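Modelling step: build the complete structure from the supplied sequences, incorporating the hints.
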Amino acid sequence: MSEATDLVRSRRLGWSLDQPFYVDPLYFQLDLDHVFRAGWLFAGHTCQIKEPGEYFCYDIADDSLIIIRGNDRKVRALFNVCRHRGSLICKVPKGHVKRLVCPYHQWTYDTDGSLLRNTWMPADFVNDEFNLKQAHVKTVAGLIFISLAGVAPAFAPEENLKGLLEPHGLESAKVAYSETYDIAANWKLVIENQRECYHCPAKHKGYAKIQFDTEVDNSDEQSQIQARWNESREKWASMGLDISLADYRYAMKGSWWRAVRTPFRAGFVSETVNGQPVAPLMGKFTDPDAGNARANTYPNFWLHGSSDHMHTMRVTPIDEKTTRIQADWLVSETAKEGVDYSVEQLIAFSKRVNEEDHEIAEDQAKGVMSSRYQPGPYSPIKEELVEHFVAWYIEQMGQISP
45 MSEATDLVRS
55 RRLGWSLDQP
65 FYVDPLYFQL
75 DLDHVFRAGW
85 LFAGHTCQIK
95 EPGEYFCYDI
105 ADDSLIIIRG
115 NDRKVRALFN
125 VCRHRGSLIC
135 KVPKGHVKRL
145 VCPYHQWTYD
155 TDGSLLRNTW
165 MPADFVNDEF
175 NLKQAHVKTV
185 AGLIFISLAG
195 VAPAFAPEEN
205 LKGLLEPHGL
215 ESAKVAYSET
225 YDIAANWKLV
235 IENQRECYHC
245 PAKHKGYAKI
255 QFDTEVDNSD
265 EQSQIQARWN
275 ESREKWASMG
285 LDISLADYRY
295 AMKGSWWRAV
305 RTPFRAGFVS
315 ETVNGQPVAP
325 LMGKFTDPDA
335 GNARANTYPN
345 FWLHGSSDHM
355 HTMRVTPIDE
365 KTTRIQADWL
375 VSETAKEGVD
385 YSVEQLIAFS
395 KRVNEEDHEI
405 AEDQAKGVMS
415 SRYQPGPYSP
425 IKEELVEHFV
435 AWYIEQMGQI
445 SP
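Okay, so the sequence shown: first residue is 45 according to this note's numbering, each after it adds one.
Treat the hints as calculated values from the structure; they're not laboratory data.
The model shown is predicted, which means the values in this text are computed figures rather than measured ones.
Cβ-Cβ distance ranges computed for the label pairs, FRET-style: (1) Glu381 x Pro166: 49 to 55 Å; (2) Gln270 x Asp156: 49 to 55 Å; (3) Arg161 x Gly411: 54 to 60 Å; (4) Val136 x Pro166: 29 to 35 Å; (5) Gln73 x Val317: 39 to 45 Å; (6) Gly411 x Gln73: 20 to 26 Å; (7) Pro147 x Thr224: 23 to 29 Å.
Below, simulated DSBU-like cross-link-like pairs (lysine-lysine); rule was C-alpha separation at most 30 Å, straight line: (8) Lys328 x Lys218; (9) Lys94 x Lys395; (10) Lys135 x Lys365.
Ideal Cβ placement from N, Cα and C applies to all residues, glycine included.
Structure below.
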């Protein structure tokens, strides 16, 4: 443990991490203890569990959570562990139940986690002392976050996420398509890649065509970009959108989340192959030119939202060399597949970007495992947000005992 403490303390600002942070099982366990079990994690969408008794499971390391809407309509995160002898209760990853019944000995719980029925216990047994354990839950603008910490920290990005996402109407949306896949790379490499667009001109040519992340440093294009930003801010203000979140250099820079609305390049209004809407407008939108809503919360979530659809990414570490991604695409609840939208058109743009990033992360992971790998310097212009993430990570790891 002292070696880990020394590496944390000696981390060089503006440089990538030492090899053990990406490949060593000891550091992976430290990540779980000091990052994933300490803060807030994105779990899913409230629209996945609209009715009482609807649930889905989210597994993080050795913990399985039942994310369920109770009969009182509150969203809870119940540990999927029977209080009798520890059996899993929900073995089906999602569904709709009236009660939660342990398949082992039939102990039965209400949707709020309270024990309703035990079997063959003595007369003085007190059910209330054996309710299901719960994680902390925060729902914000249709997103569900959970914390496994004993005492959850404040959920700092709440107001910014509300301001950014409420116009998109995620609570009255539906998941039109979901895809889960594993990347052979440490979770930090996945997040680091997402935090910069240094690689976009070469690796994401379709993305670069419609987004401003890939601007070149010349005065003519800079003036065009600024004009587009000014035009967009004026239009968004007239639409009632929160333009305080429209900041070219990221309004939330320096903290552990981002909430920002950015314009597309002129002529494009959605993150699709041709830059045009592929589904009915969501939420409060009546004009498709509402820009690109972007949000991140460390350590496991980001989204990109257009006026017609939302794309979210949930990052879950499986082991020191494997990361699981769940990608969801949401549309208006009333949109009908095959009539109002085509799944193929809906996912084509973002799925391609995801696949390109998948390859990037795995290539980097192979290189990082080399006996000749050494930390390298970040570009202060193009990789400042990578440094921001890594500095945040090191701050969390600074809590480990020598």
